[in-house]
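One line per chain: the protein sequences are A and B, in this order. With positions in the first sequence counted from 1, the corresponding number in my numbering is that position plus 153. With positions in the second sequence counted from 1, the corresponding number in my numbering is that position plus 153.
Errors might be hidden in some of the hints.
No copy is singled out in the list; a pair is fine if it fits within one copy or between any two copies.
[As the list claims (entries may be wrong)] In silico DSS-like cross-links for lysine-lysine, where the CA-CA straight-line distance does not exceed 27 Å:
no.	residue 1	residue 2
1	K415	K160
2	K369	K560
3	K561	K277
4	K591	K293
In short, the hints are calculated from the structure, not lab data. Predicted model, so just to flag it, every value in this text is computed and none were measured.
There are 2 protein chains.
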Amino acid sequence: MITLEIKKLLENKNYIQLKTLLHEMTPVDVAEILENNKTNILILFRMLKKEFAAEVFSYLSSDEQIQIVDAISDKNLQEILDELFFDDMIDFIEEMPSTIVKRVLKNSTNKNRILINQFLSYPKDSAGSLMTTEYLAVKKEWSVKETLSYIRTHGSHSETVETSYVINEKKELIGIVTLKSLLFSKDSDQIINIMDDAISVNTLADREISIELFKKYDFLVLPVVDNENKLLGIITIDDVIDAIEEENTEDFQKMAAMTPSKEEYLDSSVFSLAKNRLLWLLVLMVSATFTGSIISKYEDVLQSMVILAASIPMLMDTGGNAGSQSSTLIIRGMALGEIEIKDYLLVVWKEFRVSLIVGIGLGSLNFLRMVYLIKASIHVSLVVSITLFFTIIAAKLVGGLLPLGAKKLNLDPAIMAGPLVTTVVDALALFIYFYLAKLILHL
Amino acid sequence: MITLEIKKLLENKNYIQLKTLLHEMTPVDVAEILENNKTNILILFRMLKKEFAAEVFSYLSSDEQIQIVDAISDKNLQEILDELFFDDMIDFIEEMPSTIVKRVLKNSTNKNRILINQFLSYPKDSAGSLMTTEYLAVKKEWSVKETLSYIRTHGSHSETVETSYVINEKKELIGIVTLKSLLFSKDSDQIINIMDDAISVNTLADREISIELFKKYDFLVLPVVDNENKLLGIITIDDVIDAIEEENTEDFQKMAAMTPSKEEYLDSSVFSLAKNRLLWLLVLMVSATFTGSIISKYEDVLQSMVILAASIPMLMDTGGNAGSQSSTLIIRGMALGEIEIKDYLLVVWKEFRVSLIVGIGLGSLNFLRMVYLIKASIHVSLVVSITLFFTIIAAKLVGGLLPLGAKKLNLDPAIMAGPLVTTVVDALALFIYFYLAKLILHL
Chain A
154 MITLEIKKLL ENKNYIQLKT LLHEMTPVDV AEILENNKTN ILILFRMLKK EFAAEVFSYL
214 SSDEQIQIVD AISDKNLQEI LDELFFDDMI DFIEEMPSTI VKRVLKNSTN KNRILINQFL
274 SYPKDSAGSL MTTEYLAVKK EWSVKETLSY IRTHGSHSET VETSYVINEK KELIGIVTLK
334 SLLFSKDSDQ IINIMDDAIS VNTLADREIS IELFKKYDFL VLPVVDNENK LLGIITIDDV
394 IDAIEEENTE DFQKMAAMTP SKEEYLDSSV FSLAKNRLLW LLVLMVSATF TGSIISKYED
454 VLQSMVILAA SIPMLMDTGG NAGSQSSTLI IRGMALGEIE IKDYLLVVWK EFRVSLIVGI
514 GLGSLNFLRM VYLIKASIHV SLVVSITLFF TIIAAKLVGG LLPLGAKKLN LDPAIMAGPL
574 VTTVVDALAL FIYFYLAKLI LHL
Chain B
154 MITLEIKKLL ENKNYIQLKT LLHEMTPVDV AEILENNKTN ILILFRMLKK EFAAEVFSYL
214 SSDEQIQIVD AISDKNLQEI LDELFFDDMI DFIEEMPSTI VKRVLKNSTN KNRILINQFL
274 SYPKDSAGSL MTTEYLAVKK EWSVKETLSY IRTHGSHSET VETSYVINEK KELIGIVTLK
334 SLLFSKDSDQ IINIMDDAIS VNTLADREIS IELFKKYDFL VLPVVDNENK LLGIITIDDV
394 IDAIEEENTE DFQKMAAMTP SKEEYLDSSV FSLAKNRLLW LLVLMVSATF TGSIISKYED
454 VLQSMVILAA SIPMLMDTGG NAGSQSSTLI IRGMALGEIE IKDYLLVVWK EFRVSLIVGI
514 GLGSLNFLRM VYLIKASIHV SLVVSITLFF TIIAAKLVGG LLPLGAKKLN LDPAIMAGPL
574 VTTVVDALAL FIYFYLAKLI LHL
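Based on the provided sequences and hints, a complete structural model is requested.
What follows is the structure in structure tokens.
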């Protein structure tokens, strides 16, 4: 509807009304409109007022950002950069080709240039790479009244006014004071008497630590300090939500045997997609050839009874699936901090009992199916069903323990998911299978 | 360290110092201490001041909540209930056995009882089930000064003072006003002139819609309205983060072929774990028997050359893994709103090119491995390697399209993940395999 209205106004070159309409919307929605009108993106963008334009710009994807930066003058670029929040500017610079980065640096103040270079040097996935520099710093000697008036005059370009940070002369963080507590205090109260202890995170700490703190304490903002406790920036919750989803995406990718990547699927090149998938496929393919070698070893058993060969896919698949179920629950439980390495005995005991129920259930159903539906002999049906039973037990124990073992070895538990577990369990299933076939069928 | 200090103070019955220590900590940390001192939980809990106790209570897990409620008097229970935020109370009631629910309802005011019953009736995973009732409602005629003084007197028991909600006589939501905009306005400004449009969500809307709004607009709070646009409550971002993680957990579980469950692994009974896993294992097991029937059909081919049987696990596993990779990326992309049904041609074209690269890579490596390492004949090596190539192409197309197809049929794309894709691809792989074996080896 809105899109149609905008198309019409564009066609009729009714720019005045169009401008009014755009400024009545939120920056997110305007960004969406710009992305859906790529041919008119420059006309539309140039209509926006300076501050609003910068906000819209921060919501655009990098292709559109490049298009705009390429078309505007250095002066306009500088205006946008001045209005951008620092974390949005860093996000933008990280995605840009080097020619644009050079233009950005050229159009930054000296102080900003130093800051930008410092931010670009923070390791990926560190707290430093998530933070922004627009926060409110206050002094412990100030009164509530002074502080509120300071927030009123300096807060408009801060990412949040919800929390202010109390620092001393050395810029060390000594406490926090929320707007709520300021409102509920007397004007004459001193900050030192109403401030709370600050929980902070080091610039170099892994972002998972920040995420955990946000979740545990229901924070909206978290201060970031250096090794000397000097306040360098703040992390806001909107960036934490993005980081949470990125962490989850990484886990999904690792669990499906891929090298994790932050690029969106539709934006990724075919080559980089193939690269992310090849390595693990190759590793797993080579492992699966070992499973195959078990089959060659027992060729006599297979040749004497084709029904035994026909049951292999079912045994392998069910074993793999049963193992993936367990490993997924354990990996996810560890990612959410619900399961720790020390719980391994609890996991073994639980998985053992679960696998007894599942194994007996599926084993008996399979036995009935083979005897009554496909009229296999009792003995053959027994071999397949007992193998199924033991495979499920082995699969669930392997699936439960591999992720814990990975963590113990300081590897990422997420790689011990479906694909790897399946390969291990396949081999186990075939060993059990041929052993039982020889034993029960005397082959 | 803290834990040790508390143990010591408990042993020495130094309750005064212990009480001071506990009240210097955050409620989250005190809750953690209580959970780690289950034998002394009641002694510790009784030390806490009313308001603080309620907050600590809201962070305890349900087992500890039951233990405490069982031990305290009706009067104490009522005090805690009075202090709890409404959404925490609902969370608590939902986890309690019916005897405790009855006691809670008995100790609630009439008005609260009606509200509780209303909240318990909201569908699981609806916006209504996420919201709380403690918000600040203001009038459009009020001045900024009046509003700020209203927030000062009424805001202490609101979940957030960051945003206030402008409603009319009919309780309809007509706008929002943030604390920041109040601070940056003149005392005499009227609310109607500084308020923003409200974006709200219906009580019955799926919580995924709320999550999307929070992500898109970087909200900290979202108002919830009924069909007549009457304001019923607000959703705060801390509950949204929990909901995001729950949605992700559900996807992980579905993608590993399990019925999703919200219970933590270590808290789940063996029986419920088994139940969640059995159904899908059974479905997939039956599907895998079809794969097996392909093998029986071609028993003559297999019996004439054992190396062909030995390659089956590798072909099946690699096909399954290649398909899981694609389906995982597509499922995740859809969950994050990056891929839509209409993109199916883009997906097919991308997966096709990726699978060409991956298929040629793995196919040639496998050919070299078979010819040079295991000294298989050129013809047999060709059959296996060409099958591998086509299997990877088929797997990636199936893995890319199944989730999109599921979405089109209004099913959850997450069920079209690894396990199901593997089963489909297994059968395809075997068909291609035996067809090529007959063609090239003239069996």
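Results for each hint:
1. K415 - K160: neither (33 Å within a copy, 46 Å between copies)
2. K369 - K560: Answer is within: at 22 Å inside a copy they meet the 27 Å cutoff, but 34 Å across does not.
3. K561 - K277: within (24 Å within a copy, 37 Å between copies)
4. K591 - K293: Cα proximity of K591 and K293: none, with 81 Å in one copy and 85 Å across.
The structure fails hints 1 and 4 (numbered hints given earlier, in ascending order).
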